[in-house]
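**Q** Those protein sequences? They're chains B and V, same order as listed.
Heads up: the first sequence at position 189 corresponds to 189 in the working numbering, and the numbers run straight through without jumps.
Plus 436 on top of the position in the second sequence (first one is 1) and you've got the working numbering.
Mixed in with the good hints, there may be bad ones.
[Claimed, not checked] Think about it this way: if two alpha-carbon atoms lie no more than 27 Å apart in a straight line, the pair counts; the simulated BS3-like pairs of lysine-lysine are: (1) B:K180 / B:K290; (2) B:K310 / B:K128; (3) V:K581 / B:K180; (4) V:K581 / B:K235; (5) B:K235 / B:K54; (6) B:K235 / B:K180; (7) B:K374 / B:K424; (8) V:K559 / B:K235; (9) B:K57 / B:K310.
[Claimed, not checked] One side only, chain B facing chain V, incomplete, derived with CB under 10 Å: (10) G72; (11) P76; (12) Y187; (13) A193; (14) T196; (15) R384; (16) A400.
None of these hints come from the bench; they were simulated from the model.
Source: prediction; values computed, not measured.
Don't be surprised by glycine CBs; every beta carbon is placed ideally from N, CA and C.
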Amino acid sequence: MRRIVVALILCGLIGLIGFSAASAKTTLTFVSYFDVSPEATWPAAAAHWMMADKFMKANPDVEIQFLFVTFGELVPQVVRWTMTGELPDIVALDNPDVLHAAAAGVYYDLTPLVQQWGQWDDFYAGVKHALTYQDQIVALLPGTNNVALYYRKDIFRQYGLTPPRTWKELLDVCALLSEKLAGTGMYPLGVAATNTEELTWQFEPFLWSNGGSLLELDKPEAIAALELWVELFQKGYVPQDALTWGQGADPFIGGQVAMMINGPWILPLVREAGLEYGIVPIPAPSEGRKVVVPMGGETLGISSTIQADKVAIAWKYFTFFVEPENMAEFCTRAGYVPTRKSALPLVVAKDPELEPFATQAVSSLPRPPMGGDKLYTEVSAIARKYIQLALAGELTAKDAFAHAASEIRALFPTDQAYQDAVAKARRLLEEVASGS
Amino acid sequence: MKGEKWNYLYLLPAILCCLFVLIYPLFYNLQMSFREVTFVTLTRGGSPWVGLSNYRSTVHNPVFLRVLFNTLVFWLGSVTVQFVLGFLLALLFSKSFPLNYFYRALVLLPWFIPLTVSGTVFKWFFSGETGLINSLLLGMGLISKPIPWLTSPRLAIYTATLANIWLGIPFNFIMLFTGLQAIPIELYESARVEGAREWQLVRYITVPLLKPTIFLTLVLGSIFTIKVFDIVWVLTGGGPGEASHILTTWAYSLAWQRFRFGEHASVIGVTMLLISILGCLLLFVRRHWRAE
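Please take these sequences and the hints and turn them into a complete structure.
**A** This is how it looks when you write it as structure tokens:
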């Protein structure tokens with residue numbers, strides 16, 4: 001009997017020692033839609049690991065543990081965690097979800113910390129706007145991205161083509177490639193038309209550059225943009241499978257398409273694949289018009305349920321991450337472009353090929369204010385549902401967007417709220433499109 | 437007297453389990469269907485009571501009829517074909533032939549393979565350009581252009597049904613096979629002696645004696661099929677453009693893509709209502725059968 005008691009006491013002591021030894025290190029849990037690990041090959045994931053590793057080496061008493069949730073499931077999972085009070089310490093949501101998440105109480109208010117830090121004004125206007133909810137700064141944006149047109153230089157050279165700069169040129173190039181590449185299994189163009197935010201995001205440059213708005217999809221400018229995409233699909237320039245494609249590099253690298261709309265995050269992979277490629281801005285509706293792109297990038301936010309003694313160390317990681325030199329290193333590794341003025345020359349110097357994306361980023365637009373703020377997620381869901389139906393040939397572009405527009409209008413509680421949102425979106429678009 | 441009280445105590449863990457895992461979520465969902473619940477009110481509380489408003493929006497939603505149609509196609513298509521194939525396989529395996537046990541295990545394969553794996557394989561099967569099925573059909577010259585199995589708004593639900601048939605065969609097979617074993621061999625032997633043919637044996641002995649098992653298989657199969665979510669979600673995500681949603685996937689997308697939790701709960705409510713009606717109908721049919 002005595003032996004059992006002694007054994008139990010020993011176990012308890014060992015347990016206590018083990019417990020206190022474990023708690024000597026502070027663990028920060030970090031959730032994102034990147035599978036971050038030392039072996040990660042996806043550039044953004046590898047870049048996150050690189051930053052965390054650098055920080056952990058400089059701060060040996062901190063351990064950053066990464067959690068991975070797939071892109072389409074991150075926001076639902078964060079909502080579930082908020083309900084059960086189990087949010088990880090650091091939450092890296094895609095930037096258009098930030099304001100919605102802030103309204104649901106996901107974030108810790110960073111405003112006093114940011115004010116003390118004093119470097120907020122170095123960030124671009126659109127960026128600051130996207131991270132502020134009701135005068136509270138809720139997250140930081142360490143890198144941004146947008147989309148441009150990748151093309152195969154060798155194929156273009158073979159057929160004597162120049163990369164398209166306008167919608168008409170795009171259609172002409174596609175028509176020629178479609179003829180020349182018939183039977184090879186390669187299509188002229190690839191886009192991400194799957195049923196997630198990726199589709200709306202790829203469509204927005206065409207919509208906004210033509211003066212269209214997500215809140216007024218039944219107007220001619222918006223319909224014209226959709227008609228362009230419908231033509232690309234109906235004429236077989238884009239494979240029907242694109243309706244299931246995300247923004248991975250495989251279709252371009254694998255030789256399924258000669259051109260692809262994609263972002264700088266696949267640049268490291270494209271280089272590794274050893275292809276002869278070029279990058280040009282998204283084709284504009286016509287000569288001389290400015291291309292307006294949406295603002296991409298994942299944010300860094302501290303969760304509202306974090307233990308109070310961990311806030312300081314989490315904030316230390318954030319400020320470390322967005323230091324101009326560190327941001328530049330992160331951006332070049334991840335294939336992103338910077339969000340603050342002092343980091344821009346550093347990034348372009350390190351990697352001149354990021355230049356088209358970097359310049360487009362300076363005047364890129366955050367998505368929520370262009371689509372009803374909190375309602376953006378739903379506006380996007382409705383828009384892309386009808387875009388898919390039009391691309392699949394079920395509805396004409398005009399009918400699809402007529403339905404979409406009326407469903408989107410119905411989302412707003414009052415007509416005044418709708419008109420305010422429309423005016424806000426128009427104002428932002430004019431500001432940027434006029435080239436200011 | 438004392439013995440009886442102990443009986444209730446032994447039941448307590450099971451009752452508590454049922455309460456927390458079944459009854460509570462059911463009622464939580466039900467009451468959520470009468471409230472307007474959004475992303476914000478879900479986490480912060482304060483969802484206002486709106487009565488039948490969610491049900492009204494669900495029924496008036498233009499997608500609703502399409503979803504009902506898809507669910508009907510999915511249910512009938514899956515259950516009937518799974519049943520027939522399962523039955524034929526059960527008849528086959530009640531004979532003895534070399535490697536009977538080995539092949540029987542293979543029939544159960546769809547149950548053992550994780551759905552993420554089989555879902556991914558099916559996605560490749562049905563892929564437009566590089567998919568196995570299209571490559572075969574094109575190679576054999578049966579079609580000239582690849583069939584958009586998963587990307588055509590009209591075809592997608594039928595493709596998902598095909599995949600679900602494969603997944604449901606093991607269940608039907610096991611139920612019917614077990615039922616077949618319970619039929620005494622002597623009945624077959626004496627019928628054979630009297631000169632009955634193979635199909636007559638099936639029609640006059642097997643099917644009538646198997647009636648309770650058949651009934652149970654169809655009912656359970658139907659309930660399981662209507663509850664299916666994952667294979668459709670993995671294959672089509674309800675798309676393209678919400679054309680291949682069934683009740684379960686539509687409810688999920690309302691909750692986790694549109695963040696309209698109240699409407700999501702009302703779709704679940706409608707699903708439960710339909711299953712209950714189905715159950716009642718089947719009980720009615722069964723009473724008829726018994727009366728024969």
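**Q** With reference to the structure, classify each hint as holding or not holding.
**A** Here is how each hint holds up against the structure:
Pair hint B:K180 plus B:K290 does not hold up; C-alpha atoms about 31 Å apart against a cutoff of 27 Å. A threshold of 27 Å between alpha carbons decides the hint, and for B:K310 with B:K128 the separation of about 25 Å falls inside it, so the pair holds. The suggested pairing of V:K581 with B:K180 holds, with an alpha-carbon distance near 18 Å, which does not exceed 27 Å. Distance restraint check for V:K581 and B:K235: the Cα-Cα separation of roughly 14 Å lies within the 27 Å cut-off, and the hinted pair is therefore satisfied.
Of the pairs offered as hints, the one joining B:K235 and B:K54 is violated, with about 50 Å between alpha carbons and a cut-off of 27 Å exceeded. Distance check on the hinted pair: B:K235 and B:K180 sit about 14 Å apart at the alpha-carbon level, within 27 Å; holds. For the hint pairing B:K374 with B:K424, the CA-to-CA distance comes to about 13 Å; that is within 27 Å, so the pair holds. As the CA atoms of V:K559 and B:K235 are separated by approximately 24 Å, the hinted pair is consistent with the 27 Å bound.
The straight-line distance between the Cα atoms of B:K57 and B:K310 is roughly 18 Å, inside the 27 Å bound, and the hint therefore holds. The restraint placing B:G72 at the interface with chain V holds, with a minimum CB-CB distance near 8 Å, inside the 10 Å limit. Because the beta carbon of B:P76 sits about 4 Å from the nearest beta carbon in chain V, less than 10 Å, this interface hint is met. Hint status for B:Y187: holds, given a least beta-carbon distance of 8 Å to chain V, under 10 Å.
Because the closest C-beta pair between B:A193 and chain V is about 8 Å apart, less than 10 Å, the hint holds. With a least beta-carbon distance of about 8 Å to chain V, the hint placing B:T196 at the interface is held under the 10 Å criterion. Hint status for B:R384: holds, given a least beta-carbon distance of 8 Å to chain V, under 10 Å. The beta carbon of B:A400 comes within 8 Å of a beta carbon in chain V, closer than 10 Å, and the hint placing it at the interface holds.
Going through the hint list in order, the structure does not satisfy hints 1 and 5.
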